[in-house]
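Participant: Residue-level listing of the chains:
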Amino acid sequence: MNNEVPSIWQSMKAKGYSRREFLFFCGVAVAAAGLKSSGLAQVVDAFEKKPRPPVVWLHFQECTCCSESFIRSSHPIVSDIIFDTLSLDYTETLQAASGFQAEKARDDAMKNNMGKYILLVEGSVPTGENGVYCMIGGKTSEQILKEAAEGAAAIVAWGSCASNGCIQAARPNPTNATPIHKLIDKPVIKVPGCPPIAEVMTAIVTHVLLFEQIPELDSQGRPKEFYSRRVHDTCYRRPFYDAGLFVESWDDDAARQGYCLYKMGCKGPNTYNACSVTKWNSNLSYPIQAGHGCIGCSEAGFWDAGPFYQHLGSFPGFGIESTADTIGTTAAAVAAGGVAVHAAASVIRKRKLVLEQRAEAAASEALYEEREAAAAGKKAEEEEGGEEQ
Amino acid sequence: MTRVVVDPITRIEGHLRIEATIEGGKITDAYSSGTMVRGFEKILKGRDPRDAWAFTERACGVCTTVHALASVRAVEDAIGVSVPRNAELVRNIMFCTQYVHDHVVHFYHLHALDWVDVVSALSADPVETSNIAKSISNWPKSSPKYFADIQTRLKTFVESGQLGIFANGYWGHPAYKLPKEVNLLGVAHYLEALEWQKEIVKIHTIFGGKNPHPNYLVGGIPCSFNLEDVNAINTEKLNLVAKLIKDAQTFVEQVYIPDLMAIAGFYKDWAAIGGGLKNYLVYGDLPTKGYGFPDSYKFPRGAILNRDLSKVYDVNGKDENEIKEYISHSWYKYSVGDKTGLHPWKGETEFNFTGPQPPFEQLQVENKYSWLKTPRWKDNPMEVGPLARLLVGYAKGSEEIKEVVDGALKTLDVPVEALFSTLGRTAARGLETRLTARWLKEFYDELILNLKGGDFSTFTREKWEPETWPTECQGVGLSEAPRGALAHWIRIKDRKIENYQLVVPSTWNASPRDAAGKRSAYEESLLETPVANDEQPLEIIRTIHSFDPCLACAVHVYDPEGKHLHQVTVN
Chain A
13 MNNEVPSIWQ SMKAKGYSRR EFLFFCGVAV AAAGLKSSGL AQVVDAFEKK
63 PRPPVVWLHF QECTCCSESF IRSSHPIVSD IIFDTLSLDY TETLQAASGF
113 QAEKARDDAM KNNMGKYILL VEGSVPTGEN GVYCMIGGKT SEQILKEAAE
163 GAAAIVAWGS CASNGCIQAA RPNPTNATPI HKLIDKPVIK VPGCPPIAEV
213 MTAIVTHVLL FEQIPELDSQ GRPKEFYSRR VHDTCYRRPF YDAGLFVESW
263 DDDAARQGYC LYKMGCKGPN TYNACSVTKW NSNLSYPIQA GHGCIGCSEA
313 GFWDAGPFYQ HLGSFPGFGI ESTADTIGTT AAAVAAGGVA VHAAASVIRK
363 RKLVLEQRAE AAASEALYEE REAAAAGKKA EEEEGGEEQ
Chain B
66 MTRVVVDPIT RIEGHLRIEA TIEGGKITDA YSSGTMVRGF EKILKGRDPR
116 DAWAFTERAC GVCTTVHALA SVRAVEDAIG VSVPRNAELV RNIMFCTQYV
166 HDHVVHFYHL HALDWVDVVS ALSADPVETS NIAKSISNWP KSSPKYFADI
216 QTRLKTFVES GQLGIFANGY WGHPAYKLPK EVNLLGVAHY LEALEWQKEI
266 VKIHTIFGGK NPHPNYLVGG IPCSFNLEDV NAINTEKLNL VAKLIKDAQT
316 FVEQVYIPDL MAIAGFYKDW AAIGGGLKNY LVYGDLPTKG YGFPDSYKFP
366 RGAILNRDLS KVYDVNGKDE NEIKEYISHS WYKYSVGDKT GLHPWKGETE
416 FNFTGPQPPF EQLQVENKYS WLKTPRWKDN PMEVGPLARL LVGYAKGSEE
466 IKEVVDGALK TLDVPVEALF STLGRTAARG LETRLTARWL KEFYDELILN
516 LKGGDFSTFT REKWEPETWP TECQGVGLSE APRGALAHWI RIKDRKIENY
566 QLVVPSTWNA SPRDAAGKRS AYEESLLETP VANDEQPLEI IRTIHSFDPC
616 LACAVHVYDP EGKHLHQVTV N
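Note that the protein sequences, when read in sequence, are chains A and B. Here this note's numbering runs 12 ahead of the position in the first sequence, where the first position is 1. Here this note's numbering runs 65 ahead of the position in the second sequence, where the first position is 1.
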């Protein structure tokens, strides 16, 4: 049956594209995915031969901002993705059918493509009270997730809800909202963010399709392609930080000149995401560029790491300076010492930065696990207490 | 008699289940159930009130920004600060941007497939589609070749055997009435709107850094203006806003409105179906002279009872006798008994799931059957949303609102009573999109005028530091989300959130029955609806979609200890 399904090349041909245009399209896809041109042959092959891969997109405890973000993608545009690239066989946000017919579309997609479909999950899964805090078609979200995970070839956790529980898992996590990797024993590609950037979402799907393998992940399960750099390290306002020039109050003269927002609580120094490079909504801007600090929405437990307007006390990443508050004077001294000294300091700093980034990633993961364990312990204690009453 | 269960209701935000009984081809009773809960109010306790906008914004990613706006207003009201005019203008611009985006996406991507038969478009004559398109609009993408290409693309898609989001749709259902050429037009514009919608939201990105979920700020807006620096909002960014506004007006006037009118013309029978409740509630929004002056709002505040447009009642969110929430059919319990309604300030909650253990086939609707509470205004069930806004504006004599409403009634050649229906609700959404697209330009022009006059201020500083706040204070933030009346109540103690409450549009519309057994808007609107085929609930989702359901924010947990909240005094 699969042989009858047109490949992307066949679809493009039917739409009147020439072979030359098709190859150009593949080249753009290669460039968009940040690959070497030697990968072109592989891409052409992938697009030429395959029917559209079946995709099941589940919705649990969510606000649907991930779906909304997804449809904002400018490259590729979403209609090309859902009509020409993928076969989006189930998504409550867009599909025509409701009720029984919707569930049947999902079940058919899973049954007919056992072991071959991509599972995209938006939202966390509440495990409290046997799962009655999120039910679809009379089933709990946990039941639905486990059934769907069974035959999935790849599983993507869209956004912070599915990746780390996000807002409903914030203290005191009333419904025991749980990220999906804790409930299924398969690898999960985490794409955190509230929401994730549109083009990051489409690029990750494209990556899986083109290369038939999941992108390389960091120790937390996030694709390195988009989550290996701190917002702070790639921020266009970074030179102001290095020079010790900070916004001290909203809409002050410094704000009107776009100085660093660190003192206004910016969490960019602790946040791994592509915002300051890939940017938002067709590479237009990102929170810091529009004057507000990063709230760290792609980091596990970020809701409990606030308040948002309290600046970070100190953070690793600067070998020479102990805290960012002293960076201004240090940087000024370096400048006075001349370009050579500054360059040498930069090299040392960069080397230390890399080492410390690794250490920090490990530390932040440990911290998150610890916090979660403590929360779980507390919850168990409360439940025990409740039973005694 | 048959019992039909529709779960999940798709093409909405959140998780909604409808159970209906059908007798003699018509719905005789209906039950609406919200099946997901997260617990926002519990999570907000003890946090910095200045952070609340970011938390509550995550109540909904479809109507993103609206909760952030209600939240900053609630906090500003509590701590006693008003924002600079530039900040209010930018908030209004973001508000209108949200309406235009949200309503267009609703019409084309969440609602259109209830009216447009995609499969029928396959056999349309592209030349005839082109003729129709040119007769209703001067939108340039209207050549026969253009529609032929769309049709070829659709054919390739369907012939692939992989129907994706169109799989198992109700294609060929007798309730689809459009000529196949109009169906092809609908498919073409579905795709165009999908590509266009990502543009208009860039206004949020410019002022708020991203969309969905742009940033807000208590006391103003986070961005600054500077006409001498590239590192702030400067002429180039303002030019982009102007272009996006112009494009939005063009799209709304040349695509959305002509399509809406053309499609509505074939479904006039739906002007007599789905009317439901006869009461409408509006908090009002878009201040032209400050949030504290509701009389200056573009969308006026008020309530209408029994469809009597000659009288508009005042609405006071702070009066404890006006708004109450019931839980007789909701999975919660009250210390005062489940039959008493409580004002949100005195709200209390404890989860009390008494439904069937999943997996289950049917809810126990005679008991509790939803995670939504049931709000009432003076004990009346109220419909909220675009129709309510236009009716209250119409009844209050807003010239701008009267103009678009009367114009549409004339075009469709229907009386004003036609508004009280599924079709009326869907039309009202389009008409207020026209208005908000126009208002975008008005607010933008005023912003430019302010900057020209040397007023660059975007933030009021004096109440930023919590040390400047009283030990205890409280406030209310009223707004109009695209889906209807939205309010946040906050109580602050020792600079932390003591209590936070949200009563949102879909709670008004989608809630279960109240203690007196009175139905809310969804349930009432389904009564008498004809259903041609029990297996294909097209008519049910048509009416439900006319409300634009948005369930994630409709479900909350109130004060877990059941403490009484104190009344707050606001202006």
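Calculated directly from the structure, the hints in this document are not laboratory data. Treat each hint with caution, since some may be false.
[Unchecked claim] Here are the computed lysine to any residue pairs in the SDA-like style, where the Cα-Cα straight-line distance is at most 25 Å:
1. B/K206 - B/A307
2. B/K245 - A/D96
3. B/K528 - A/Q322
4. B/K110 - A/N188
5. B/K263 - A/L296
6. A/K275 - B/A307
7. B/K561 - A/P184
8. A/K128 - A/Q225
9. B/K398 - A/K123
10. A/K123 - B/G111
11. A/K151 - B/D599
12. B/K561 - A/S261
Being a predicted model, the structure only gives us computed values, none of them experimental.
Participant: Are the hints correct? Go through all of them and say.
Facilitator: Right, here's what the structure says about each hint:
1. B/K206 - B/A307: Satisfied, since the Cα-Cα distance of roughly 23 Å is no more than 25 Å.
2. B/K245 - A/D96: 23 Å, holds
3. B/K528 - A/Q322: 16 Å, holds
4. B/K110 - A/N188: 17 Å, holds
5. B/K263 - A/L296: Holds: B/K263 and A/L296 sit about 12 Å apart, inside 25 Å.
6. A/K275 - B/A307: 33 Å, violated
7. B/K561 - A/P184: Given that 25 Å is the threshold and the Cα spacing comes to 16 Å, the pair holds.
8. A/K128 - A/Q225: 12 Å, holds
9. B/K398 - A/K123: 42 Å, violated
10. A/K123 - B/G111: 47 Å, violated
11. A/K151 - B/D599: Answer holds: A/K151 to B/D599 is near 22 Å, not above 25 Å.
12. B/K561 - A/S261: Between B/K561 and A/S261 the Cα gap is close to 21 Å, so the pair holds against 25 Å.
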